[in-house]
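Colleague: Each chain, written out:
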Amino acid sequence: MKRLFIIVPLFAVVALGTFFFFHQYVVTAQVAGQGLEVSPPSQEVIIDPGTTKTIKAKLTNKSDSTLPIEVRIEDFTAKGNEGQIELTTTSDYSVSSWTDLSTNSFTLAPGEAREVTATITAPSDAAGSRFGSFVFAIKADDQPGAASISQQIASLFLVKISGPVDEKLNIISFSAPMFSEFSPVTFAINFGNEGNVYSKARGLVNVTDTFGNKVADVVVDETNIFPGAERIVNATLDNQFLIGKYTATALIYYGEDNTNLTATTTFFVFPLRIAAVVIAVLFVLYFLRKRLKKAGKALFG
Amino acid sequence: MNYMRILSARRINLRYIRKTILVAFLILALTVPPLANFSIGNIYAASPLTNYKIGINNSQSGATDVTYTFNWTTSGTNPIKQIDIQVCTTPSGTCNAPSGFSSGTPTLSADNIAGSGRTVSAPTANAFRVVVTTPATQSTQSMNLTFTGVTNPTSDNTTFYTRATTYSDTGSTIIDGPTVAAFAVLTSSSIAVTASVDPSFTFSIAGVSSGANFNGGSGNVDVTTTATTIPFGTLSVGDQTIAAHDVTISSNALNGYQVTASHSAGLLAGNPPLASGSANVDSFTGSNASPATWSSPNGTTASTNTGFFGYSTEDSSLCTGTVDRFTNGGPNWAGSSTTGGELICNANAVTGQTTRIGWAIEVNAYQQPGLYSGTAILIATPTY
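Chain order of the listed sequences is H and B.
Using the numbering used here, read the first sequence as starting at 105 and increasing by one per residue.
Using the numbering used here, read the second sequence as starting at 11 and increasing by one per residue.
Keep in mind that the hints are not guaranteed to be accurate.
Said to hold, decoys possible - The list that follows gives simulated cross-link-like pairs (lysine to any residue, SDA-like), each with its CA atoms no further than 25 angstroms apart:
#, chain 1, residue 1, chain 2, residue 2
1, H, K304, H, F286
2, H, K243, B, G280
3, B, K63, H, K243
4, H, K264, B, N67
5, B, K63, H, E298
6, H, K264, H, E326
7, H, K160, B, T361
8, H, K160, H, A213
9, H, K398, H, F387
10, H, K272, B, S198
11, B, K63, H, P248
12, H, K166, B, S109
13, H, K318, B, D94
14, H, K272, H, V323
15, H, K160, B, N262
16, B, K63, H, K162
17, H, K166, B, S198
18, H, K264, B, G380
19, H, K157, H, G359
20, H, K162, H, S200
21, H, K318, B, G280
22, H, K243, B, N67
23, H, K318, B, G72
24, H, K243, H, E174
25, H, K264, H, D325
26, H, K243, B, L277
27, H, K401, H, F387
No lab work stands behind these hints: they were computed from the structure.
Whenever a hint applies, use it, and build me the whole structure from the sequences.
Modeller: Here is the structure:
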């Protein structure tokens, strides 16, 4: 009888474990996939009006099968404020009509890479910025009675035309969570580009404590901002013990003249829960002081 | 006498008061210092320079022949005899020179200080000094000084501080300041350059087996897909059929990414996602901006809302709109169009982020029989 008490639960545990193991296996099962890799994800090119320049993008087949590839050039514009793009045919910053491709289709064996060249010819009256992308597509495997998947990947290029440009970035907002219990504290810088070319913003966030002492310098990664668009860039203050009020100053540079932008915000950090526990313990100790005193006397005389 | 009686009645004694004070002190010691920061911060010497800013025309660490521009507004109209600017590693206390910084032999290329005659010098390697020969009454306007020939500090990605002071004499009687402003020195390659270390961006699609889970469901995937097809097979009238794919994105660059879903334009009017001759299956009524719980097609005229095709995603942190619109209360579904709709998104670079996306189809009894086909397009784009 005692054995049964041991064997039955043991059997149940093994059975349940086996079930969940295979259940897990079944629900996560994947069928063999196919992959494409482009290099670079994005590139920048400066071109003089009336001249020609070539750029390249490399596509690698990361699958186990040969892939039929089609290539085209599409324009893009900024979408949202986190750097996303939208492929479009109606952009004010179109470059596709200036661009010729070295090839429009080819096949790639497993693991094989192929470089494609685009030749950009800027008109003599061109100015400002233009934005385009190589779009590589696996030719869809059309089958009656099924929906096919057309897998496509883009490699972006940002064109800056030499000559007079209007570079004008501003910081629309600079913020941090007003109150945090601990680090990390993430700063959000919302840039707006009122110029006619894309601009790169880069810099540091200088964090000082109440007394003006430097706590940290946080790097703001170099980021492009599309003309006429906004873009939020985050920088995170991490691995710091923080308590009290802090001031963060964003020191940002952009453009060929290294134009300086600054913005300031304050935030407060206090480990509320830890403090609450400490205070609670102190209160308990205070209210038990007579008993503790008695116990102390009993123990140590 | 009465007063003493009251005290006695309330049993107040010195011992009790002492302990109460001790506890109060402990509580205050824990809570007040950070709160005190609110009140004792921002106490500066009287008459600071206002709107104090620094511009440098090259922010690379160690750069030479850099131009430093200082801007501020004075507080009064006192004639300024001398201006001292120190460059320090800290905003206050002893001024330690930033490693590698040199004011060189500073040249004041521009200023709008009232008065005539200037003597510009560097009393130390980390300081600038301007002495006005004949000072004049200074209007409280924006003042700017531009020094050339400066060498930047050599520490990458570090902020430094300048402390500016104006005097009515040669360094004894302060008018304004010292006032502190920070500037940043970045890396030696911080100027915009084309990426150079073979950055890459990878987009993989894998089929998902039937019986798998999708978007909160359990074993709700009905069809096994391949990387290139969604073979829905023969559909049962009135039953939603779900298929799925796993999409994986990797990048060794700084770029984030977005994957969008759309379908190719066909020969039929309205560009339906699936067609068989002149018959078609329509896009589901939910949109990408406002996906909806699945609802069965209820049309009674063949090919007009008699069949629905839609997509969904397990990405609960999309970059635009309501970020969890497909997963909150989901699965929620959107009908595809020939314009890409956001399916997966991450503003930051990722290495091997896999997200499951789903496809659904359902027809009712009015849908014409046929072999329906179409092409769903998934485009992965890096952030710019």
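Colleague: For each hint, tell me whether it holds in the structure or not.
Modeller: Against the structure, the hints:
Our distance criterion of 25 angstroms between C-alpha atoms is broken by K304 of chain H and F286 of chain H, whose separation comes to about 31 angstroms. For the proposed pair K243 of chain H and G280 of chain B, the alpha carbon gap of about 23 angstroms is at most 25 angstroms, so the pair holds. Using a Cα cut-off of 25 angstroms, the hinted pair K63 of chain B and K243 of chain H is violated, with the two alpha carbons roughly 56 angstroms apart. Among the hinted pairs, K264 of chain H with N67 of chain B is consistent with the structure: their alpha-carbon atoms are about 21 angstroms apart, no more than 25 angstroms.
A hinted pair counts as satisfied when its Cα atoms are at most 25 angstroms apart, and K63 of chain B with E298 of chain H qualifies at roughly 22 angstroms. A hinted pair counts as satisfied when its Cα atoms are at most 25 angstroms apart, and K264 of chain H with E326 of chain H qualifies at roughly 17 angstroms. For the suggested pair K160 of chain H and T361 of chain B, the alpha carbons sit about 24 angstroms apart, so the restraint of at most 25 angstroms is met. Restraint check for K160 of chain H and A213 of chain H: the C-alpha separation of about 20 angstroms stays at or below 25 angstroms, so the hint holds.
For the given pair, K398 of chain H sits about 18 angstroms from F387 of chain H by alpha-carbon distance, which is consistent with the 25 angstroms threshold. Between the alpha carbons of K272 of chain H and S198 of chain B the distance comes to roughly 24 angstroms, so the proposed pair stays at or under 25 angstroms and holds. The straight-line distance between the Cα atoms of K63 of chain B and P248 of chain H is roughly 68 angstroms, outside the 25 angstroms bound, and the hint therefore fails. Taking the CA atoms of K166 of chain H and S109 of chain B, the gap is about 48 angstroms. The hint is violated against a cut of 25 angstroms.
Annotation: proposed proximity of K318 of chain H to D94 of chain B holds, straight-line Cα distance about 22 angstroms (limit 25 angstroms). A threshold of 25 angstroms between alpha carbons decides the hint, and for K272 of chain H with V323 of chain H the separation of about 22 angstroms falls inside it, so the pair holds. Using a Cα cut-off of 25 angstroms, the hinted pair K160 of chain H and N262 of chain B holds, with the two alpha carbons roughly 18 angstroms apart. With a C-alpha separation of about 45 angstroms, the suggested pairing of K63 of chain B with K162 of chain H is violated against the 25 angstroms cut-off.
A distance of roughly 36 angstroms separates the Cα atoms of K166 of chain H and S198 of chain B; the hinted pair therefore is violated under the 25 angstroms criterion. Annotation: proposed proximity of K264 of chain H to G380 of chain B is violated, straight-line Cα distance about 52 angstroms (limit 25 angstroms). For the hint pairing K157 of chain H with G359 of chain H, the CA-to-CA distance comes to about 22 angstroms; that is within 25 angstroms, so the pair holds. Of the pairs offered as hints, the one joining K162 of chain H and S200 of chain H holds, with about 18 angstroms between alpha carbons and a cut-off of 25 angstroms not exceeded.
Of the pairs offered as hints, the one joining K318 of chain H and G280 of chain B is violated, with about 61 angstroms between alpha carbons and a cut-off of 25 angstroms exceeded. About 50 angstroms separates the Cα atoms of K243 of chain H and N67 of chain B, which puts this hinted pair outside 25 angstroms; it is violated. Of the supplied pair hints, the one linking K318 of chain H and G72 of chain B holds, its CA atoms being roughly 21 angstroms apart against a limit of 25 angstroms. Restraint check: the Cα-Cα separation between K243 of chain H and E174 of chain H comes to about 6 angstroms, which is no more than 25 angstroms; the hinted pair holds.
For the suggested pair K264 of chain H and D325 of chain H, the alpha carbons sit about 21 angstroms apart, so the restraint of at most 25 angstroms is met. Only pairs whose Cα atoms come within 25 angstroms are accepted, and K243 of chain H paired with L277 of chain B is accepted, the gap being roughly 19 angstroms. Taking the CA atoms of K401 of chain H and F387 of chain H, the gap is near 21 angstroms; set against the 25 angstroms cutoff, the hint holds.
In terms of the numbered hints stated before, the structure departs from hints 1, 3, 11, 12, 16, 17, 18, 21, 22, listed from lowest to highest.
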